[in-house]
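*Asks:* Build out the structure end to end from the sequences listed, making use of the hints.
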Amino acid sequence: MSDLATVSAEIAPYLALAANSLGTSVITAAQQRIAERTVTAGEGFFRRLLRRGDADGGLDGGLDGGADQPLLDADRADALDALLASLTDQERQVLAAAVASWLRAPAARRDAPHLLDQVTRLASFTGGTTVYNTPTATGQGSIAAVEIHGDIHMGGSDGRGGA
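Going by the numbering used here, the first residue of the sequence shown is number 1, and it counts up by one from there.
FYI, nobody ran anything at the bench for these hints, they're computed from the structure. For glycine and all other residues, C-beta sits at the position ideal for the given N, C-alpha and C.
Label-pair ranges, simulated between beta-carbon atoms:
id, residue 1, residue 2, range
1, D75, T134, 46 to 56 Å
2, H149, A82, 32 to 42 Å
3, L71, D3, 20 to 30 Å
4, I152, S86, 35 to 45 Å
*Replies:* This is the structure:
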């Protein structure tokens, strides 16, 4: 989940700014798009958010919340959308669930650190992925194994032709 941590750290300030500037309905739509894997580079959430900020006015040409807030421009929006597009399906589900939980929190807790905390908490619950294998083997000398560490010695001739 290291990609998820990296992506979350990058997008959290912008999601917090958008939630506070444009309202939580915008972020709720983003959460659904993240979960459904419809966020793609070039035409993703942050690019649309940038256009929405321009249309709504008062966001200074693109989500600029002041000196202590991040600026979202076209290049940054594309980079953030590319980061989202790089997540696996499992990472997207964790991020979407974290965003949904974060949005249910009181407005005072809708900032980047609290979103990162939600992502970290949910990622720790999901743990690793369980893969089920059912190896089969038929015939004399066949071996059914998923992973082998070491040597395998089969009965029979050792190839030295001894007597």
